[in-house]
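Peer 1: Fit chain B to the supplied structure of chain A, relying on the hints for placement.
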Amino acid sequence: MAVLKLHGTPFSTAAMRALAALYEKELDFELVPVDMKAGQHKSEAFLALNPFGQVPAFEDGDLKLFESRAITQYIAHEHASKGTQLVSPDPKKMTILSVWMEVEAHQFDPHASKLCFEHVFKKMFGMTTDPAVVEELEGKLGKVLDVYEARLTQSKYMSGACFGLADLHHLPALHYLQGTSSKKLFDSRPHVCAWVADITARPAWAKVIALQK
Amino acid sequence: MASPVKVYGPPMSTAVSRVLACLLEKGVNFQLIPVDMSKGEHKKPDYLKIQPFGQVPSFQDESISLFESRAICRYVSEKYANQGNKRLYGTNPLEKASIEQWLEAEGQSFNPPSSALVFQLAFAPRMKLKQDMGVIKQSEEKLNKVLDVYEQRLGESRFLAGDEFTLADLSHLPNTQYLVSVTDKGEMFTKRKNVGRWWSEISGRDSWTKVVDLQKPPPPKSA
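Chain order of the listed sequences is A and B. Mapping of the first sequence onto my numbering: position 212 corresponds to residue 212, and the numbering continues sequentially without gaps. Mapping of the second sequence onto my numbering: position 75 corresponds to residue 75, and the numbering continues sequentially without gaps.
Extracted from the complex, chain A is given alone in its bound form:
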């Protein structure tokens, strides 16, 4: 059987997204480290896996894929019978899931990832957080979270009664932001707060975080 390979670093939010899916599905895989400090993600060998020079990149035998959300969807569908059910065989439920996956990608992530950059990654690169930028981003993310609060009053998870990809895709940004002052955005909204606590407590997620040690 072909070995699944994920190329990346467990500190990258996008790589963490793919890792979460691999652990939820209980799949055997090899994490191939990419030394981003040394610019390995811009090497010719890596560009052959992801021409955008970004992590992660994924291999399943001859199949090569990039874009974390394409990787998670491939894994979820291809290995539907293993581990946690991350997508739905019911077309209507799958459609709702698809809507909330797009919401994460286009409404939540643009602001959340910039906040992660300000709070966490800038520090890693020896730069300073800009409080004005943080305030602006928190305002924008807060409006998205207001919609989430209303949504999560209707259902336990983003797309319905069960945990799925629409929730999983949020995990990396939530993990980083929970360790910053922006945590208040989640804590102040009771249903969002409960949802964050629930999904970040999943055993598969703990395995992803353990890789960072």
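I should point out that these hints are in silico values taken from the structure, not numbers from a laboratory. Incorrect hints may appear among the rest.
To be verified - Below 30 Å or equal to it, Euclidean Cα-Cα: the simulated BS3-like pairs (lysine-lysine) are: (1) A:92 / B:137; (2) B:49 / A:156; (3) A:37 / B:137; (4) A:64 / B:193.
Since we're looking at a predicted model, the values are computed, not measured.
Peer 2: What follows is chain B alone, placed relative to chain A:
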């Protein structure tokens, strides 16, 4: 015969036109319901019930109510898999994986800088808003890097996901149309040999020609 599906929003919206292109590719009858954004209709409680982020488009058919243009496109492509362009969303898991990869690339890498340029160069002047030169410069730089990747890819493959026109290509039509037709940034596409060839092919499709037509303002009423 099924009643027409409903699409809410103005056809000049890039996200609305993305959905219209998909419906036309699949030969699905639709009703385009206007949303007067200049009057803030998209932020009113009635509209927020169907699209809680107050954006266009939203979509309804007899079984479901949806939003997010790319989710709507996926839904339409799946539901109407056996009509119109049957290759639009792939016919097997490998094809689908490639389409999803390039759809995500569009959403994550192409869309942010190209939308910013469309807003700054095509919409801001119309709305009498001041242009941000910093954003324009930064977006152009980012978009150039993305188009370099596309240039290489489209030298290896006729369309982004493979040899067939798919949702991955379609998703690029709205922003590129504005950049090529009403701004001076069209050269970014046309000066690159493979990207230029690809743009010519995808924008020349019947479905897109019809969308561009829908985007034209109605002729003035005769006196």
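Peer 1: Give a verdict on every hint.
Peer 2: These are the hints, each one checked on the structure:
1. A:92 / B:137: violated (42 Å)
2. B:49 / A:156: Holds, because 19 Å separates the two Cα atoms, which is no more than 30 Å.
3. A:37 / B:137: holds (27 Å)
4. A:64 / B:193: With a Cα-Cα distance of about 26 Å, the restraint between residue 64 of chain A and residue 193 of chain B holds, given a limit of 30 Å.
Hint compliance for this structure: hint 1 is the single one not met.
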